[in-house]
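For the protein sequence lines, the chains are C and F, in the order given.
Be aware that the first sequence starts at 66, since it is given in my numbering, and climbs by one per residue.
Be aware that the second sequence starts at 4, since it is given in my numbering, and climbs by one per residue.
In short, the hints are calculated from the structure, not lab data.
Watch out, some of these pointers could steer you wrong.
With a Cα cut of at most 25 Å, we get these calculated DSS-like pairs of lysine-lysine [said to hold, decoys possible]:
(1) F:K146 - C:K279
(2) F:K146 - C:K133
(3) C:K121 - C:K162
(4) F:K146 - C:K176
(5) F:K150 - C:K133
(6) C:K160 - C:K203
(7) F:K146 - C:K236
(8) C:K176 - F:K150
(9) F:K150 - C:K164
Covered stretches of chain C, going by a simulated chain F footprint (3 or more residues, C-beta under 8 Å) [unchecked claim]:
(10) 151–157
(11) 249–260
Backbone N, C-alpha and C define an ideal beta-carbon position, used for all residues, glycine too.
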Amino acid sequence: MNNVVAKLNNAGLQINNKWLVKGVSFEVKKGEIVTLIGPNGSGKSTTAKIALGIYKNAEGHVDKYTNKIGYVPQKISIDWTLPVRVVDFMNLTEKLKEKDLDDALNLTGVKNLKHRNIKSLSGGEFQRVLIARAIAKKPEFLVLDEPVQGVDFKGEIALYELIRLISENLKCGILLISHDLHVVMSATDYVVCLNGHICCSGTPKTVANNHNYKELFGDRASNTLSIYEHKHDHTHSADGTIKTKKI
Amino acid sequence: MLDDFFIRALIAGLGVAIVTGPLGCFTIWRRLSFFGDTLAHSALLGVTLALSFEMNISFAVFLISAVVAIFLINLQRVTNLPGDALLGLLAHSTLALGLVTISFLSFIRFDIMGLLFGDILSVNNLDILIIWLGGAIILITLKIIWKPLFASTVNYDLAQAEGMNPDRVNIIFTLLMAAIIAISIKMVGLLLITGMLIMPAAMARNLSDNPIMMVFIATVGGMLSVLLGLFASLEFNSPSGPSIIVAALSLFLLSLINLKRIKIKGKVV
């Protein structure tokens with residue numbers, strides 16, 4: 066059975082003869098979280114958009130094996146003069162069942178905002194609505210581009226926990242972009258480290274030990290893994306899989 | 004008693020208002036009011052085409068507006084000029100071309116004022132048929148593309164990522180804009196068509212908090228403007244197109260006052 070929801074093979078994008086990102090290959094499987102990390106301008110968001118098919122002139126092969134896609138973009142420029150309530154925004158690309166809509170808003174903790182105007186939401190609140198919208202349609206491929214930006218610290222942990230739950234419960238493939246190396250290293254199945262190209266990739270453990278990764282993020286970044294790994298060893302030393310551990 | 008021509012004008016005007024309501028909302032949401040203006044300016048060229056080749060005016064205007072719209076979309080791809088500069092370029096060049104061509108057609112007596120500002124006297128049964136049939140086609144098409152169009156209006160990337168094909172609906176919507184200008188040019192005239200699109204929608208924006216409500220209020224407001232404007236033009240013998248727009252302006256101003264009242268009420272309660 067084919068579990069792959071999206072596959073990039075030697076994908077890239079050049080604009081005005083300059084490569085934004087080049088030679089990227091990886092695949093996202095059902096029930097798996099693939100995380101893109103890398104410094105600013107390393108092509109993380111571009112790679113996510115290539116995977117989603119937003120760029121028509123992308124190079125290489127990009128295959129999506131599902132039409133059920135949820136997307137939380139990094140920067141979303143909504144014209145705030147549009148008269149759009151949260152409930153209208155939730156139904157934007159697909160008419161949802163009332164229950165699915167409410168459940169999703171409940172999960173991200175913004176059920177009380179359902180009839181509020183989008184314009185009146187704070188940055189963190191809107192981010193929660195964005196996540197709710199993406200998961201409410203029960204996607205098979207979920208792309209989250211820095212999904213917790215602007216969310217308070219407590220909410221951040223809860224939302225990452227939610228993302229992990231979604232990948233388990235919905236069995237959807239998740240492509241995550243995050244700056245939070247703690248989260249990346251603890252809740253991810255596969256890490257792709259970008260810097261205009263793939264500089265290393267693999268399980269969190271292999272990536273953390275890769276010298277390219279250390280060069281890119283510094284020694285402190287490797288420590289984040291060892292701190293985490295310490296916890297992890299205590300919880301799951303037996304099977305060694307990363308999926309099942311607790312944050 | 005009302006005269007036949009007046010009844011015809013009412014039927015035609017109401018038909019136009021039903022279509023400009025929803026399209027006007029999208030014009031505002033997508034910030035296309037200047038784009039509507041450009042298409043309207045190019046309508047003059049369409050009229051000269053119609054006169055030269057003895058075509059139906061609405062058909063010729065649609066043809067030229069559609070060509071200009073598609074040309075504009077392609078121009079945006081190949082140049083680095085900002086959108087408003089391109090719009091200005093096209094608006095004035097098509098207007099100038101139209102005026103120059105008209106001067107060559109000296110064998111035709113032509114009411115240019117009627118073209119610029121609309122003329123209810125000239126509305127005949129065929130015009131009514133074109134407005135209602137064309138309007139129905141526009142509205143049905145809009146209904147079909149509503150979801151992807153609205154999604155891509157809110158956010159292009161989201162719509163594209165989740166499989167809504169925003170580029171295709173953008174082109175379809177552009178053609179709908181050309182079509183509404185083509186069918187309403189006789190009613191309000193080419194200088195005032197954009198007003199008919201924007202003003203009821205702007206009024207509706209003041210009074211609504213969701214898209215469906217805004218479309219509904221804009222449509223009702225547009226129909227009200229047509230009724231008020233046409234009766235006023237009968238009463239005071241004022242030109243029909245401008246009278247409709249003045250009526251729409253009055254409604255817009257009323258919507259502002261109304262908004263203030265609600266706010267004051269809210270404070271008291």
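Against the structure shown, which of the earlier numbered hints fail to hold, in ascending order? Hints 1, 3, 4, 7, 11 are the ones this structure does not satisfy, whereas the remaining hints hold.
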